[in-house]
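K.L.:
Protein sequence lines, in the order shown, are assigned to chains A and Y. Start counting the first sequence at 1; every next residue gets the next number (my numbering). Start counting the second sequence at 1; every next residue gets the next number (my numbering).
Quick caveat, the hints were computed from the structure, so don't treat them as lab data. Take the hints with a grain of salt, since some may be wrong.
To be verified - Lysine to any residue pairs mimicking SDA-like chemistry, simulated, CA-CA at most 25 angstroms apart: (1) A:Lys194 x A:Ala108; (2) Y:Lys64 x A:Lys160; (3) A:Lys160 x Y:Lys107; (4) Y:Lys129 x A:Ala48; (5) Y:Lys129 x A:Leu189; (6) Y:Lys107 x A:Ala108; (7) A:Lys160 x A:Glu174; (8) A:Lys194 x Y:Val14; (9) A:Lys194 x Y:Lys64; (10) Y:Lys107 x A:Ile184; (11) Y:Lys129 x A:Pro266; (12) A:Lys194 x Y:Arg233; (13) A:Lys194 x Y:Trp89; (14) Y:Lys64 x Y:Val14; (15) Y:Lys107 x A:Asn182; (16) Y:Lys129 x A:Leu185; (17) Y:Lys119 x A:Leu189.
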Amino acid sequence: MSDINNQKDTQDIDNLGTGIRSIKSDVLIWRIFSFFLVFSIWEVAGRADISIAFPPFSEVALAFVSMIFSGEFSEAYADSLPPLFIGLSITIIGGVIIGISIGLVRGAEWFIMPLLIIFQTAPVSALIPMLTYIYGISDTSKVVAIVILGMPLVALNSYKGIQATNPSLLEMSESFLASRLNTILFVILPSAQKMIFAGLRLGISGAFIGIVLAELLITPTGIGDLITYNRFIARYDKMFATIVSILVIAGLTLGFMRMVEEWLFPSEKNN
Amino acid sequence: MSDIILETESIGVVYQQSVVALENVSLNIPSGKLTAILGPSGCGKTTLLKVIAGLIEPSTGIIKVKGQQITGPGPDRALVFQDFALLPWATVLQNVAFGLRARGIPKNEREETSLHYIKEVGLSGFEDKYPHQLSGGMRQRTGLARALTVNSDILLMDEPFSAVDEQMRRKLQEDLLNLLKIERKSVIFVTHSIEEAVYLADQVVILSGRPGSIADIVYPEIDRRGDIDSIRRQPRYIELVDEIWGSLRSYVE
Numbered sequence: 001m002s003d004i005n006n007q008k009d010t011q012d013i014d015n016l017g018t019g020i021r022s023i024k025s026d027v028l029i030w031r032i033f034s035f036f037l038v039f040s041i042w043e044v045a046g047r048a049d050i051s052i053a054f055p056p057f058s059e060v061a062l063a064f065v066s067m068i069f070s071g072e073f074s075e076a077y078a079d080s081l082p083p084l085f086i087g088l089s090i091t092i093i094g095g096v097i098i099g100i101s102i103g104l105v106r107g108a109e110w111f112i113m114p115l116l117i118i119f120q121t122a123p124v125s126a127l128i129p130m131l132t133y134i135y136g137i138s139d140t141s142k143v144v145a146i147v148i149l150g151m152p153l154v155a156l157n158s159y160k161g162i163q164a165t166n167p168s169l170l171e172m173s174e175s176f177l178a179s180r181l182n183t184i185l186f187v188i189l190p191s192a193q194k195m196i197f198a199g200l201r202l203g204i205s206g207a208f209i210g211i212v213l214a215e216l217l218i219t220p221t222g223i224g225d226l227i228t229y230n231r232f233i234a235r236y237d238k239m240f241a242t243i244v245s246i247l248v249i250a251g252l253t254l255g256f257m258r259m260v261e262e263w264l265f266p267s268e269k270n271n
Numbered sequence: 001m002s003d004i005i006l007e008t009e010s011i012g013v014v015y016q017q018s019v020v021a022l023e024n025v026s027l028n029i030p031s032g033k034l035t036a037i038l039g040p041s042g043c044g045k046t047t048l049l050k051v052i053a054g055l056i057e058p059s060t061g062i063i064k065v066k067g068q069q070i071t072g073p074g075p076d077r078a079l080v081f082q083d084f085a086l087l088p089w090a091t092v093l094q095n096v097a098f099g100l101r102a103r104g105i106p107k108n109e110r111e112e113t114s115l116h117y118i119k120e121v122g123l124s125g126f127e128d129k130y131p132h133q134l135s136g137g138m139r140q141r142t143g144l145a146r147a148l149t150v151n152s153d154i155l156l157m158d159e160p161f162s163a164v165d166e167q168m169r170r171k172l173q174e175d176l177l178n179l180l181k182i183e184r185k186s187v188i189f190v191t192h193s194i195e196e197a198v199y200l201a202d203q204v205v206i207l208s209g210r211p212g213s214i215a216d217i218v219y220p221e222i223d224r225r226g227d228i229d230s231i232r233r234q235p236r237y238i239e240l241v242d243e244i245w246g247s248l249r250s251y252v253e
């Protein structure tokens with residue numbers, strides 16, 4: 001075969017690519033603007049004297065900074081981060097392994113899926129007070145709360161990602177004599193990658209809901225306690241500052257996951 | 001008649017105990033020739049190809065390659081897919097090298113082989129492109145190069161040019177004929193196009209519809225030694241297209 005007819009097509013697509021990249025730098029500006037907008041509205045609403053329990057943004061920001069330096073945050077997070085870290089690790093590693101296994105092994109699907117679907121759809125937070133009866137007021141209850149809120153999302157999405165592998169690619173792999181292991185490594189896992197990471201992002205959000213719920217409902221320690229305590233003594237600025245700090249940490253964790261994904265799968269398709 | 005490289009003996013395929021997709025298909029595939037399997041849609045021609053590829057187990061009958069019965073995919077056969085079956089996250093080079101990678105060939109060696117065939121199918125300069133950056137024709141060239149790298153004697157092509165436009169299809173057909181002058185392969189080519197079958201094939205197997213069985217076998221015996229442009233002007237070509245349409249017409253209802 002000799003000549004190539006579609007050079008032009010390819011160039012057009014390349015140009016489109018650079019177009020997308022220049023849009024991307026604009027995105028940052030829009031994001032900053034959206035934060036600015038929300039904070040401004042917050043500031044105005046806070047000053048409008050709606051409720052004493054709703055301080056303006058500036059007060060919350062000041063409280064945030066003061067709590068960093070007073071050691072209130074570091075003390076609370078010293079209680080909250082270790083179980084969060086353990087719970088997240090179990091959620092991520094366990095969820096991906098379970099999801100991939102039920103996607104690959106026939107039969108495992110019937111065994112584990114019903115449980116996962118129940119955990120995904122049922123109001124699991126209602127189960128959290130029950131954990132106190134089983135594990136007492138301990139870090140274990142926090143870890144369990146995180147795992148039951150986060151892991152089903154990770155496992156289900158990983159499973160769906162594996163199931164969604166294009167059957168034609170599987171046939172291709174088989175016809176080119178790839179072993180089962182090579183098919184999993186070269187075809188199934190790369191194909192499921194996006195769904196798995198989408199599940200991880202959802203699971204991480206679930207895990208953060210889990211830790212906050214556990215600390216609000218079961219064990220009055222850590223950030224949950226900081227929220228409850230400040231509400232109790234009517235320091236609403238500090239209460240909101242604590243909530244904002246959780247959002248920041250959740251955001252950073254999700255950003256970190258994105259970096260891991262980009263590092264593991266540095267593919268053109270991600271652009 | 002030349003040597004027989006592959007034969008099927010009374011192949012039958014039944015789906016779900018009741019749907020008969022293929023019935024009593026016995027075929028001889030001559031070595032170094034192109035055999036087209038032609039039939040209306042739903043006649044089981046792709047099923048037949050996948051049985052020959054070893055991807056579908058026949059309910060009855062056996063397949064022999066060079067006299068040896070086969071039970072699954074093997075190194076003697078390589079497949080080109082209708083939907084290209086390219087890995088969207090892999091470059092042209094990585095896609096072409098897939099078969100060699102699956103066989104554990106070291107990176108340097110498989111890339112060297114792959115680059116050779118990428119050049120042969122006319123994709124030089126596109127090694128690092130991804131499938132979504134290629135046109136349909138270029139994607140199928142990638143699929144063809146992948147099938148060539150594993151150096152199988154038999155090339156199985158499942159409606160390879162049906163997903164590209166008419167002009168590109170003609171170009172790909174010409175290029176395939178030119179390529180087969182260099183690469184001595186035995187090709188089994190599934191198509192629903194009478195023109196394509198007559199243009200390319202040395203042997204045209206006509207399948208009747210539901211259940212698929214052999215209705216007729218035609219040997220075009222068109223002179224392809226000269227200019228490939230002239231094939232479509234040969235009286236024999238025009239005659240045959242008419243004749244095959246005559247025998248297929250009754251199945252297309």
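K.L.:
Would you check the hint for Y:Lys129 and A:Ala48, treating anything up to 25 angstroms between C-alpha atoms as holding?
P.N.:
Between Y:Lys129 and A:Ala48 the Cα gap is close to 57 angstroms, so the pair fails against 25 angstroms, i.e. violated.
K.L.:
Tell me if the straight-line CA distance from Y:Lys129 to A:Pro266 falls inside 25 angstroms.
P.N.:
Answer holds: Y:Lys129 to A:Pro266 is near 14 angstroms, not above 25 angstroms.
K.L.:
For the pair we were handed, Y:Lys107 and A:Asn182, check the Cα-Cα distance against 25 angstroms.
P.N.:
holds (15 angstroms)
K.L.:
Are the Cα atoms of Y:Lys64 and Y:Val14 separated by 25 angstroms or less?
P.N.:
holds (20 angstroms)
K.L.:
Between A:Lys194 and Y:Arg233, is the straight-line Cα distance small enough, at 25 angstroms or below?
P.N.:
Violated: A:Lys194 and Y:Arg233 sit about 52 angstroms apart, past 25 angstroms.
K.L.:
Can you confirm whether the C-alpha distance between A:Lys194 and Y:Val14 stays at or below 25 angstroms?
P.N.:
Violated. A:Lys194 to Y:Val14 sits at ~37 angstroms, over the 25 angstroms cutoff.
K.L.:
With the threshold set at 25 angstroms, check whether the alpha-carbon distance from A:Lys160 to Y:Lys107 stays at or below it.
P.N.:
violated (32 angstroms)
K.L.:
Taking 25 angstroms as the top limit, are the C-alpha atoms of Y:Lys119 and A:Leu189 close enough?
P.N.:
violated (30 angstroms)
K.L.:
Would you mind confirming whether the straight-line C-alpha gap from A:Lys194 to A:Ala108 stays at or under 25 angstroms?
P.N.:
Since the Cα atoms of A:Lys194 and A:Ala108 sit roughly 22 angstroms apart, the hinted pair holds (cutoff 25 angstroms).
K.L.:
Checking one constraint from the list: CA of Y:Lys107 to CA of A:Ile184, max 25 angstroms. Satisfied?
P.N.:
Cα-Cα ~19 angstroms, so holds.
K.L.:
Is the hinted pair A:Lys194 and Y:Trp89 satisfied, with a Cα-Cα distance of at most 25 angstroms?
P.N.:
holds (11 angstroms)
K.L.:
Is the hinted pair Y:Lys129 and A:Leu185 satisfied, with a Cα-Cα distance of at most 25 angstroms?
P.N.:
Satisfied, since the Cα-Cα distance of roughly 21 angstroms is no more than 25 angstroms.
Checked against the numbered hints above, the structure violates hints 2, 3, 4, 6, 8, 9, 12, 17; every other hint is satisfied.
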